[in-house]
Structures are given as C-alpha cells and as structure tokens.
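Colleague: The residues making up each chain are set out below.
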Amino acid sequence: DQQVKQNSPSLSVQEGRISILNCDYTNSMFDYFLWYKKYPAEGPTFLISISSIKDKNEDGRFTVFLNKSAKHLSLHIVPSQPGDSAVYFCAASANFGNEKLTFGTGTRLTIIP
Amino acid sequence: DTEVTQTPKHLVMGMTNKKSLKCEQHMGHRAMYWYKQKAKKPPELMFVYSYEKLSINESVPSRFSPECPNSSLLNLHLHALQPEDSALYLCASSQEDRAGGQYFGPGTRLTVT
Numbered sequence: 066d067q068q069v070k071q072n073s074p075s076l077s078v079q080e081g082r083i084s085i086l087n088c089d090y091t092n093s094m095f096d097y098f099l100w101y102k103k104y105p106a107e108g109p110t111f112l113i114s115i116s117s118i119k120d121k122n123e124d125g126r127f128t129v130f131l132n133k134s135a136k137h138l139s140l141h142i143v144p145s146q147p148g149d150s151a152v153y154f155c156a157a158s159a160n161f162g163n164e165k166l167t168f169g170t171g172t173r174l175t176i177i178p
Numbered sequence: 039d040t041e042v043t044q045t046p047k048h049l050v051m052g053m054t055n056k057k058s059l060k061c062e063q064h065m066g067h068r069a070m071y072w073y074k075q076k077a078k079k080p081p082e083l084m085f086v087y088s089y090e091k092l093s094i095n096e097s098v099p100s101r102f103s104p105e106c107p108n109s110s111l112l113n114l115h116l117h118a119l120q121p122e123d124s125a126l127y128l129c130a131s132s133q134e135d136r137a138g139g140q141y142f143g144p145g146t147r148l149t150v151t
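Line order of the protein sequences matches chains S and Y.
Just so we're aligned: 148 in the working numbering is position 83 of the first sequence, and the numbers increase by one with no gaps anywhere.
Just so we're aligned: 118 in the working numbering is position 80 of the second sequence, and the numbers increase by one with no gaps anywhere.
Hints were generated in silico from the structure; no laboratory data involved.
Predicted, not measured: the structure shown is a model, and the values here were computed from it.
Misleading hints may appear alongside valid ones.
Stated by the list, open to error - With a Cα cut of at most 27 angstroms, we get these calculated DSSO-like pairs of lysine-lysine:
id, chain 1, residue 1, chain 2, residue 2
1, S, 165, Y, 78
2, Y, 78, S, 70
3, S, 133, Y, 91
4, S, 136, S, 119
5, Y, 91, Y, 57
6, Y, 56, S, 70
7, Y, 56, S, 136
8, Y, 57, S, 133
9, S, 70, Y, 76
10, Y, 79, S, 136
11, Y, 91, Y, 47
12, S, 165, Y, 76
13, S, 70, Y, 57
14, S, 133, Y, 47
15, Y, 79, S, 165
16, Y, 74, Y, 91
17, Y, 74, S, 165
18, Y, 91, S, 165
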C-alpha cells in the first residue's frame, strides 16, 4: 500500500521556467511533509518542509504548497537551473515529527539548457 | 560539520559472511536511522535510534542487527544475508526537535552473492 505517491516518474523543463512536482498521500494522519533531492551515488538532501498548519512555505527558489482537503502537495522551483536535475522525493510523517518518514516513489527532473 | 559519513561505500559479501556497516555524524543529532533503498524505489525505513535507544524496528529480519555505541555512531551488523538483501543502505540523522528534516549519508552499496 503506497501511502505517498508521485505519479510522474519523470519531468523535463526548460532552464529558467517553473518546475512543478506533485505528490499525493492517502493517510490523513500525516501532518508534516518534506521534499528531498537526490543525485546519483549520493544520499537524499533535505530541501524544504511544511507542516499541516500551513498551506505554503517558501525558501528561495523553492516553494511547497499543501492542500489538505485534496491530500496533495507540490514543489515549485522557479527559475529552474541545470543543477536542479535530480530525483525528487516527497516524504510524510505523522505527529509533527519526522522520526518515521514515508517516502514517495520519486520524480526524475531534467532541466534542459 | 553538516555531514553524515558511511563506510564502506561498496560491499560485496557471501551469504555466510558477517560484515558491518558504519555511520557517523558530528552534528549533535540525537536521532539516527537506517534505511534500505532498492533500485528505482523510495527509501524504506528499517530502524530508528533516539538518544541511543532503539525506538523503531520496522519488522526487519534478525539477520540485520543495529547497534548505537554512542550518540555519534550507528552500526548495522549483517549476518547470513540473502541475495535479495542487495540494496543501497542509507544512514540518516536528525535534530532532537525534529525540525529541518533528516540528513542522509551517501549510502553503502551492498551486493550479496
């Protein structure tokens, strides 16, 4: 049972444009959400998080949006840069903690110069 | 120092061998984690240590044995593994207030022959 889903396995975006990565979840107990970026042969790197008491969190070029009623979150990257090419995982946890993270299946983002 | 280190980077072992994976962090984090990641799949949580005590075991087979000798070190002892245990093993750590996500190491690529 995949509780966190990323339905797009891959996404290609022109450099300078907006990249939008999507994530859906089914467990209504999830209340803390994170995005990670992963390069080949490296561990995931934390990007940005959001708790369920907010619907938006922004950090530089990265913004995460949360729609609790739809159980959907998205990561916006503006403007997209070649170094953003990587696999992006969303993750979720319950009880406002991040001890037990459930990861999505990942989306491979390719930025086209 | 915002790094989680893991050794070895690669490990090939037979099904009768005993080996250990090592993880180290010097960020003062009080929670440490082991994840397993198969190709094209998300990381799956195996174990969580909080304040050097095992707090979560995700029903992992006993051929995997975690150990936390002190707050900076985490080991994973391996014995009588199966070929299907071949995967990338990721270590992570996080702050005691659980904010800011988990910091991941680069992983150990394990092959069981």
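Colleague: None of the hints should be skipped; say for each whether it holds.
Modeller: Consistency of the hints with the structure:
Proposed proximity of residue 165 (chain S) and residue 78 (chain Y) is supported: the alpha carbons are some 21 angstroms apart, at most 27 angstroms. For the hint linking residue 78 (chain Y) to residue 70 (chain S), the alpha-carbon distance of about 14 angstroms falls within 27 angstroms, and the restraint holds. The straight-line distance between the Cα atoms of residue 133 (chain S) and residue 91 (chain Y) is roughly 34 angstroms, outside the 27 angstroms bound, and the hint therefore fails. At most 27 angstroms may separate the alpha-carbon atoms for a hinted pair to count; residue 136 (chain S) and residue 119 (chain S) meet this at roughly 13 angstroms.
Restraint check for residue 91 (chain Y) and residue 57 (chain Y): the C-alpha separation of about 22 angstroms stays at or below 27 angstroms, so the hint holds. Taking the CA atoms of residue 56 (chain Y) and residue 70 (chain S), the gap is about 36 angstroms. The hint is violated against a cut of 27 angstroms. Note on residue 56 (chain Y) and residue 136 (chain S): the hinted pairing is violated, with a Cα-Cα distance of about 44 angstroms set against a maximum of 27 angstroms. Note on residue 57 (chain Y) and residue 133 (chain S): the hinted pairing is violated, with a Cα-Cα distance of about 45 angstroms set against a maximum of 27 angstroms.
Only pairs whose Cα atoms come within 27 angstroms are accepted, and residue 70 (chain S) paired with residue 76 (chain Y) is accepted, the gap being roughly 17 angstroms. In summary, the hint linking residue 79 (chain Y) to residue 136 (chain S) is supported, as the alpha carbons are separated by about 22 angstroms, within the 27 angstroms threshold. Restraint check for residue 91 (chain Y) and residue 47 (chain Y): the C-alpha separation of about 26 angstroms stays at or below 27 angstroms, so the hint holds. Of the supplied pair hints, the one linking residue 165 (chain S) and residue 76 (chain Y) holds, its CA atoms being roughly 18 angstroms apart against a limit of 27 angstroms.
Note on residue 70 (chain S) and residue 57 (chain Y): the hinted pairing is violated, with a Cα-Cα distance of about 34 angstroms set against a maximum of 27 angstroms. Note on residue 133 (chain S) and residue 47 (chain Y): the hinted pairing is violated, with a Cα-Cα distance of about 40 angstroms set against a maximum of 27 angstroms. In summary, the hint linking residue 79 (chain Y) to residue 165 (chain S) is supported, as the alpha carbons are separated by about 17 angstroms, within the 27 angstroms threshold. For the hint pairing residue 74 (chain Y) with residue 91 (chain Y), the CA-to-CA distance comes to about 20 angstroms; that is within 27 angstroms, so the pair holds.
About 14 angstroms separates the Cα atoms of residue 74 (chain Y) and residue 165 (chain S), which keeps this hinted pair within 27 angstroms; it holds. Distance hint between residue 91 (chain Y) and residue 165 (chain S) is fulfilled; the C-alpha atoms sit about 15 angstroms from each other, no more than 27 angstroms.
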